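Dock chain A against chain H, hints included.
Protein chains in written order, with the numbering used here: chain H, 274 to 683; chain A, 274 to 683.
By construction, these hints were calculated from the structure, which means they are not laboratory data.
From a predicted model like this one, the values you see are computed outputs, not experimental measurements.
Mixed in with the good hints there might be a few duds.
One copy or two, it doesn't matter: identical chains are merged, so the pair holds either way.
Derived EDC-like pairs (lysine to aspartate or glutamate); straight-line CA-CA distance at most 20 Å [as the list claims (entries may be wrong)]:
| # | residue 1 | residue 2 |
| --- | --- | --- |
| 1 | K527 | E559 |
| 2 | K332 | D379 |
| 3 | K332 | E612 |
| 4 | K463 | E392 |
| 5 | K463 | D356 |
| 6 | K550 | E482 |
| 7 | K424 | E331 |
| 8 | K527 | E482 |
| 9 | K332 | D400 |
| 10 | K527 | D607 |
| 11 | K527 | E537 |
| 12 | K527 | E612 |
| 13 | K463 | D451 |
| 14 | K463 | E428 |
| 15 | K332 | E534 |
| 16 | K541 | D629 |
| 17 | K527 | E392 |
| 18 | K424 | E392 |
| 19 | K332 | E537 |
Listed below are the residues making up each chain.
Protein chains: 2
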Amino acid sequence: MTIQRRRLLRDGAFMAAAIGASRSAAVGQDIDPESPPWVHEQGAPVLSPPYGNPSPFEKSVIRRTRVASAIPSVASSLTPLQDLHGIITPGGLHYERHHAGVPAIDPALHRLIVHGLVERPLIFTVDDLLRFPSVSRTMFLECSGNSPLWKSVPEAWTVQITHGLLSCSEWTGVRVADILDQTGLRPNAKWALAEGADAAAMTRSIPIETLLSEAIIAYAQNGERLRPEQGYPIRLLLPGFEGNTNVKWLRRLKIGTDPWETREETSKYTDLLPGGKARQFAFVMEVKSVITAPSGGQSIATRGFQELRGLAWSGRGRVVRVEVSSDGGTTWQDAALQEPVLSKCLTRFRLPWRWDGQPQHLLSRATDETGAVQPTRDTLLAARGANSYYHYNAIHGWRIRRDGVLLSAA
Amino acid sequence: MTIQRRRLLRDGAFMAAAIGASRSAAVGQDIDPESPPWVHEQGAPVLSPPYGNPSPFEKSVIRRTRVASAIPSVASSLTPLQDLHGIITPGGLHYERHHAGVPAIDPALHRLIVHGLVERPLIFTVDDLLRFPSVSRTMFLECSGNSPLWKSVPEAWTVQITHGLLSCSEWTGVRVADILDQTGLRPNAKWALAEGADAAAMTRSIPIETLLSEAIIAYAQNGERLRPEQGYPIRLLLPGFEGNTNVKWLRRLKIGTDPWETREETSKYTDLLPGGKARQFAFVMEVKSVITAPSGGQSIATRGFQELRGLAWSGRGRVVRVEVSSDGGTTWQDAALQEPVLSKCLTRFRLPWRWDGQPQHLLSRATDETGAVQPTRDTLLAARGANSYYHYNAIHGWRIRRDGVLLSAA
Numbered sequence: 274m275t276i277q278r279r280r281l282l283r284d285g286a287f288m289a290a291a292i293g294a295s296r297s298a299a300v301g302q303d304i305d306p307e308s309p310p311w312v313h314e315q316g317a318p319v320l321s322p323p324y325g326n327p328s329p330f331e332k333s334v335i336r337r338t339r340v341a342s343a344i345p346s347v348a349s350s351l352t353p354l355q356d357l358h359g360i361i362t363p364g365g366l367h368y369e370r371h372h373a374g375v376p377a378i379d380p381a382l383h384r385l386i387v388h389g390l391v392e393r394p395l396i397f398t399v400d401d402l403l404r405f406p407s408v409s410r411t412m413f414l415e416c417s418g419n420s421p422l423w424k425s426v427p428e429a430w431t432v433q434i435t436h437g438l439l440s441c442s443e444w445t446g447v448r449v450a451d452i453l454d455q456t457g458l459r460p461n462a463k464w465a466l467a468e469g470a471d472a473a474a475m476t477r478s479i480p481i482e483t484l485l486s487e488a489i490i491a492y493a494q495n496g497e498r499l500r501p502e503q504g505y506p507i508r509l510l511l512p513g514f515e516g517n518t519n520v521k522w523l524r525r526l527k528i529g530t531d532p533w534e535t536r537e538e539t540s541k542y543t544d545l546l547p548g549g550k551a552r553q554f555a556f557v558m559e560v561k562s563v564i565t566a567p568s569g570g571q572s573i574a575t576r577g578f579q580e581l582r583g584l585a586w587s588g589r590g591r592v593v594r595v596e597v598s599s600d601g602g603t604t605w606q607d608a609a610l611q612e613p614v615l616s617k618c619l620t621r622f623r624l625p626w627r628w629d630g631q632p633q634h635l636l637s638r639a640t641d642e643t644g645a646v647q648p649t650r651d652t653l654l655a656a657r658g659a660n661s662y663y664h665y666n667a668i669h670g671w672r673i674r675r676d677g678v679l680l681s682a683a
Numbered sequence: 274m275t276i277q278r279r280r281l282l283r284d285g286a287f288m289a290a291a292i293g294a295s296r297s298a299a300v301g302q303d304i305d306p307e308s309p310p311w312v313h314e315q316g317a318p319v320l321s322p323p324y325g326n327p328s329p330f331e332k333s334v335i336r337r338t339r340v341a342s343a344i345p346s347v348a349s350s351l352t353p354l355q356d357l358h359g360i361i362t363p364g365g366l367h368y369e370r371h372h373a374g375v376p377a378i379d380p381a382l383h384r385l386i387v388h389g390l391v392e393r394p395l396i397f398t399v400d401d402l403l404r405f406p407s408v409s410r411t412m413f414l415e416c417s418g419n420s421p422l423w424k425s426v427p428e429a430w431t432v433q434i435t436h437g438l439l440s441c442s443e444w445t446g447v448r449v450a451d452i453l454d455q456t457g458l459r460p461n462a463k464w465a466l467a468e469g470a471d472a473a474a475m476t477r478s479i480p481i482e483t484l485l486s487e488a489i490i491a492y493a494q495n496g497e498r499l500r501p502e503q504g505y506p507i508r509l510l511l512p513g514f515e516g517n518t519n520v521k522w523l524r525r526l527k528i529g530t531d532p533w534e535t536r537e538e539t540s541k542y543t544d545l546l547p548g549g550k551a552r553q554f555a556f557v558m559e560v561k562s563v564i565t566a567p568s569g570g571q572s573i574a575t576r577g578f579q580e581l582r583g584l585a586w587s588g589r590g591r592v593v594r595v596e597v598s599s600d601g602g603t604t605w606q607d608a609a610l611q612e613p614v615l616s617k618c619l620t621r622f623r624l625p626w627r628w629d630g631q632p633q634h635l636l637s638r639a640t641d642e643t644g645a646v647q648p649t650r651d652t653l654l655a656a657r658g659a660n661s662y663y664h665y666n667a668i669h670g671w672r673i674r675r676d677g678v679l680l681s682a683a
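Next comes chain H alone, as it looks inside the complex (with noise of 0.2 Å):
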């Protein structure tokens, strides 16, 4: 600990109650600590039920939507962040984002084809990629379109909604360069078209160097098998690219050329630049951090110690750095990272912190390992416009009120 670490925890000993005289102020009208209501009843039963789930006092801390969709099938749905800790999102908390909503695949009738330029089209059973050598690696997913704050920043925004687009889980499952092994590539093999079983037939072109070196057809997540929502029962994974060419209910890789141009890379997920041009195929989610606790839309209840908690991550590798402001940006203090900070994963952030009842306006910065420093949004403004929708990875922060009330803030 360091010694201003111990400082800060010595100015908060306000944060228990000493025993005695003042015990049952302490403690309230309500309880006495040394007999509380559950030490006297046999509690549940194991296995109740034999796939558990959370507390019930837990019961708000639930994915949400940022505006109701007109077709809830056509929708996307964010993390609560500002309740997690750690970087572990639970599978029934991962984000959502779907075209035509969720398919009911039975895993004993899908199949993945991998056919165009390849020496041997194949067709591959789930069971097939169970017996294959597996990888498992402990990534985030972001939806290029977390962060829509091109054209506003509105105060009211909690961070489940600027932010919620973000998730990340442990997946396992088969290298795509193991599966191209068995089919072989033709000389002119460049892109893949990777093609989704929902409705939507999602479909996303892919350079084939970025299918050989990291991706992964992921069949597990957290452990377990994927959930529904993110793509079961199988999935592409494309470690540090925006979420959608991460394709869900992965059916079809279709090698070939040049890239399909779909809809999902012409009309959306393309970023209008000021000069009339188009940013297209800008794959890597670029570094990026948001402070998660305290977050928009709490309140403060108390002056004095507590711990300033975030997310850092980088599509381009691992978070080296991440910088706390709590006066706008004017100066800054490095945050501890917990160890181990892995390449393109959700790196959590920490800095002891006290509110001494004034107004402040915190702010987080992240640095990756390419240098690369997460930029003002008047910078990214200057650089991109505003006319985009996705890939918004400036600053961004909460105003402090005097009630002690967070607003989002740039």
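Then chain A, alone, in the frame of chain H:
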């Protein structure tokens, strides 16, 4: 990919079916891979439900009991290791061991009392603990009653039954050292009594140096708040220590000079040795491993390539080596370890393998960073006799019959 692995995979080309002449045979009569039913209908909407569940096709992947308990609140349930991948155990499948069931604790009313040989006895609310500096750690928990194979090795036991009192999560909480820094410790403080808020008032004596080193009071598990079965709202975590010292529903740490000799460290959780003496306070779970796929009760459908997979762990630090034998221990081959290999955490190991249709006897043997090697059953029994119930860590495996069925075997 090693040459050997590449050769194995090439041999395994039967794993997928060629498209074309053999297509209908390859994909069966029941489905056209180009037009499965789910591409023709809109899928389920977003947030169905807001806290998601596994696929209905995975409904057999659940916790199970080894034997029915006369009192279902005094029982354990086991993690389905045979169905899991990577190292994370999803919260809903974490093993359970309850001595008086699962209490339904209101976190707003729960208190942690720290008293005894401290300078300042204190009472902490859960909100107090949430403001403290936090730490995350991915680590295994294993009940010391896992693999009770001292007297016999029942051949029908699956890996869920032999080794399923084992799970692994990313935990987040407060360092106990930071809590004790608040209360202070008297010079003669040597042991602490940790007590749970269940109706069994589960109590264990813990050396004070353990609490001051790596111990955590956890409030989160795999990102979200603890599951009720794992101690909601707070539990003790002692990396590498036997499961029940990681006291769930933690309500009290009493600091003293000597262990309290509670039921759970005298009549239970001790090991009766051949000479009539008992090992007591054998806290650390020793180096251990098990092959999870293929494993007991399963039947290998096809000859040829498949990957052998398993888990290794040690309460003393990192696993540095896992060897696998397919001939009952005559010859051994090094398995690959999935990075990152973390201290006191599950480590996934894998080895390319092919079944030739002949009987085989699969075994795995782990070594940890202290140089400790998992013993054979004979070695373990020679040292400790057969009167024990807890702390069995011998080499275990599976005999493959000619019909492909696997049976439990030491």
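Cross-check of the supplied hints:
{"no.": "1", "hint": "K527 <-> E559", "result": "neither (28 Å within a copy, 49 Å between copies)"}
{"no.": "2", "hint": "K332 <-> D379", "result": "between (30 Å within a copy, 13 Å between copies)"}
{"no.": "3", "hint": "K332 <-> E612", "result": "neither (30 Å within a copy, 35 Å between copies)"}
{"no.": "4", "hint": "K463 <-> E392", "result": "within (14 Å within a copy, 70 Å between copies)"}
{"no.": "5", "hint": "K463 <-> D356", "result": "neither (43 Å within a copy, 36 Å between copies)"}
{"no.": "6", "hint": "K550 <-> E482", "result": "neither (26 Å within a copy, 64 Å between copies)"}
{"no.": "7", "hint": "K424 <-> E331", "result": "neither (34 Å within a copy, 44 Å between copies)"}
{"no.": "8", "hint": "K527 <-> E482", "result": "within (14 Å within a copy, 59 Å between copies)"}
{"no.": "9", "hint": "K332 <-> D400", "result": "between (36 Å within a copy, 17 Å between copies)"}
{"no.": "10", "hint": "K527 <-> D607", "result": "neither (46 Å within a copy, 37 Å between copies)"}
{"no.": "11", "hint": "K527 <-> E537", "result": "within (16 Å within a copy, 60 Å between copies)"}
{"no.": "12", "hint": "K527 <-> E612", "result": "neither (39 Å within a copy, 31 Å between copies)"}
{"no.": "13", "hint": "K463 <-> D451", "result": "within (17 Å within a copy, 55 Å between copies)"}
{"no.": "14", "hint": "K463 <-> E428", "result": "neither (45 Å within a copy, 52 Å between copies)"}
{"no.": "15", "hint": "K332 <-> E534", "result": "neither (43 Å within a copy, 39 Å between copies)"}
{"no.": "16", "hint": "K541 <-> D629", "result": "neither (45 Å within a copy, 51 Å between copies)"}
{"no.": "17", "hint": "K527 <-> E392", "result": "within (12 Å within a copy, 70 Å between copies)"}
{"no.": "18", "hint": "K424 <-> E392", "result": "neither (49 Å within a copy, 56 Å between copies)"}
{"no.": "19", "hint": "K332 <-> E537", "result": "neither (35 Å within a copy, 34 Å between copies)"}
In this structure, the hints that do not hold are numbers 1, 3, 5, 6, 7, 10, 12, 14, 15, 16, 18, 19, in rising order.
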